[in-house]
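A.B. asks: Here is what each chain is made of, one letter per residue.
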Amino acid sequence: MNAIRVCFALLICLLSLPALAGGKITIAAAADLKFALEEILVAFRQANPADEVETIYGSSGKFHTQIQQGAPFDLYFSADIEYPRLLAKEGLSASAARPYAVGRIVLWSVSRDARQMTLADLANPAIRKIAIANPRHAPYGKRAEEALRAAGVWDKVESRLVMGENIAQTAQYVQTGNADVGIIALSLALNKELATKGGYALIPSKLHQPLEQGFIITKRAAGNPLAKQFADTMDSPEARRIMVRWGFTLPQEATR
Amino acid sequence: MLSLPNLASDFAAIWLTFKLATVVTLILLLIGTPIAWWLARTRSWWKGPVGAIVALPIVLPPTVLGFYLLLVMGPQGAVGQFTEWAGIGLLPFTFWGLVVASVFYSMPFVVQPIQNAFEAIGERPLEAAATLRASPLDAFFSVAVPLAKPGFITAAILGFAHTVGEFGVVLMIGGNIPEKTRVVSVLIYDHVEALEYTQAHWLAGGMLIFSFFVLLALYSLNPSGKRK
Chain B
1 MNAIRVCFAL
11 LICLLSLPAL
21 AGGKITIAAA
31 ADLKFALEEI
41 LVAFRQANPA
51 DEVETIYGSS
61 GKFHTQIQQG
71 APFDLYFSAD
81 IEYPRLLAKE
91 GLSASAARPY
101 AVGRIVLWSV
111 SRDARQMTLA
121 DLANPAIRKI
131 AIANPRHAPY
141 GKRAEEALRA
151 AGVWDKVESR
161 LVMGENIAQT
171 AQYVQTGNAD
181 VGIIALSLAL
191 NKELATKGGY
201 ALIPSKLHQP
211 LEQGFIITKR
221 AAGNPLAKQF
231 ADTMDSPEAR
241 RIMVRWGFTL
251 PQEATR
Chain U
1 MLSLPNLASD
11 FAAIWLTFKL
21 ATVVTLILLL
31 IGTPIAWWLA
41 RTRSWWKGPV
51 GAIVALPIVL
61 PPTVLGFYLL
71 LVMGPQGAVG
81 QFTEWAGIGL
91 LPFTFWGLVV
101 ASVFYSMPFV
111 VQPIQNAFEA
121 IGERPLEAAA
131 TLRASPLDAF
141 FSVAVPLAKP
151 GFITAAILGF
161 AHTVGEFGVV
171 LMIGGNIPEK
181 TRVVSVLIYD
191 HVEALEYTQA
201 HWLAGGMLIF
211 SFFVLLALYS
221 LNPSGKRK
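Line by line, the protein sequences are chains B and U. Quick note: the first sequence, position 159, residue 159 per my numbering, numbers continuous. Quick note: the second sequence, position 41, residue 41 per my numbering, numbers continuous.
Incorrect hints may have been included.
[To be verified] Calculated cross-link-like contacts (lysine to any residue; reagent style SDA-like; alpha-carbon spacing at most 20 Å):
#, chain 1, residue 1, chain 2, residue 2
1, B, LYS89, U, ILE177
2, B, LYS62, U, VAL59
3, B, LYS192, U, THR63
4, B, LYS62, U, TYR197
5, B, LYS142, B, ALA201
6, B, LYS62, U, GLN199
7, U, LYS180, B, SER159
8, U, LYS180, B, LYS62
9, B, LYS62, U, PRO49
10, B, LYS142, U, THR63
11, B, LYS156, U, TYR197
12, U, LYS180, B, VAL157
13, B, LYS89, U, LYS180
If you are wondering where the hints come from, they were derived from the structure by calculation, not from laboratory data. Treat the numbers as computed from the prediction; the structure is a model and nothing was measured.
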């Protein structure tokens, strides 16, 4: 009997953990945003100490499906604006899809000097494994495939491709040395931990469709002032500076 | 209208999964049997630690196994350096890399049923065999193995099914390569992420039916588990 009482007591303690005084938002964001968004959040959290901001990083396609199925995300930052546009069209958003950045892809390696490398060099069979994000659903993978095709090396590299579930896993394949070269997001290649290893070469943006990234406030956050506030923060000069520092190009049109 | 699955890539994944599970089950029956025999009969102090290591994959998240395998089999890892030296190349992103990973991952599901079956036999049949001047090896093959047959069947079914159901480890070390590492569980995930729900349904529904019949077969073979 006592054991059962202890279990109940514990359960009640766990379930009644801090009821928050401030607001709360959960942000689902594409893996390429990891470092930039965390930096933007430092200032946001300082300005809003009573509020709680949670971030979850992963693949844009997966978040799209999860939001369709009612996932508890208040903001959704996709690496491809098409996904939030689809959600808006389905009536699952509280805002139109807003572009926030344009991403770039780079060639990156830890085992060889990638700084002078071009896509044509990938034809070299001494490069055994080339990591890209899965082109079927990862925006960075789609652009990587387009660039490889435009450079005329797709047929030569196809059998040596390994595919990450999202762009962060793709970088991890290269970082652990399991893939010799990878095509990853510039925003990840600029990270301190990755930048000190090997080097990267920017892939000319004319070789692929632009990586137009966009976000929405989801329908469930329609009445959440903190979500609106964070969305507006993305337009602030400071946030834009941070995005540029992490290798993103800002969208041409006004972001409102 | 029910649209048909994308035959080529889906069947490639189904065949690959079947091949992987078969190879892994056969390897596990070969190396799992002596381990199970030893665990069932030894009085050594090592029984506890070895049993715990074999059982680890039951409690470990697949990500832990996937993470360490990726590092150990990579170019800086001990196994990776050995396979490079032996001229095999690196194991991640290859079929045999998945085989190695699955052997670890499914080990307890094969070893434990066999071990239980051996333990249930007890000493007496083997002592009887010894009095009839059967060598230990002879006693093992003509007494212990036939008596433990239900255990072997359970082990093979569980080992096969558990390998088919593997996802986390494959996602971490597989690299999603068609006909090499893109197994059914990963392909379902791909279909869902690409919003191809129809194709996901074909495979996911198939897995559901497959798993149900595997368990049904298992429970009809061992109705109560206590049958004399």
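A.B. asks: For each hint, tell me whether it holds in the structure or not.
C.D. replies: Do the hints match the structure? See the list:
1. LYS89(B) with ILE177(U): Measuring from Cα to Cα gives roughly 34 Å; hence the hint is violated.
2. LYS62(B) with VAL59(U): Not satisfied, since the Cα-Cα distance of roughly 26 Å exceeds 20 Å.
3. LYS192(B) with THR63(U): violated, 25 Å
4. LYS62(B) with TYR197(U): Holds, because 13 Å separates the two Cα atoms, which is no more than 20 Å.
5. LYS142(B) with ALA201(B): holds, 18 Å
6. LYS62(B) with GLN199(U): holds, 16 Å
7. LYS180(U) with SER159(B): Given pair LYS180(U), SER159(B) holds - Cα atoms ~11 Å apart, limit 20 Å.
8. LYS180(U) with LYS62(B): This hinted pair is violated, its Cα atoms lying about 24 Å apart.
9. LYS62(B) with PRO49(U): At roughly 40 Å apart (the allowed maximum being 20 Å), PRO49(U) and LYS62(B) break the hint.
10. LYS142(B) with THR63(U): violated, 26 Å
11. LYS156(B) with TYR197(U): Answer violated: LYS156(B) to TYR197(U) is near 32 Å, above 20 Å.
12. LYS180(U) with VAL157(B): Holds, because 16 Å separates the two Cα atoms, which is no more than 20 Å.
13. LYS89(B) with LYS180(U): With Cα atoms ~38 Å apart, LYS89(B) and LYS180(U) exceed 20 Å; violated.
Violated hints, in rising order: 1, 2, 3, 8, 9, 10, 11 and 13; the structure is consistent with all others.
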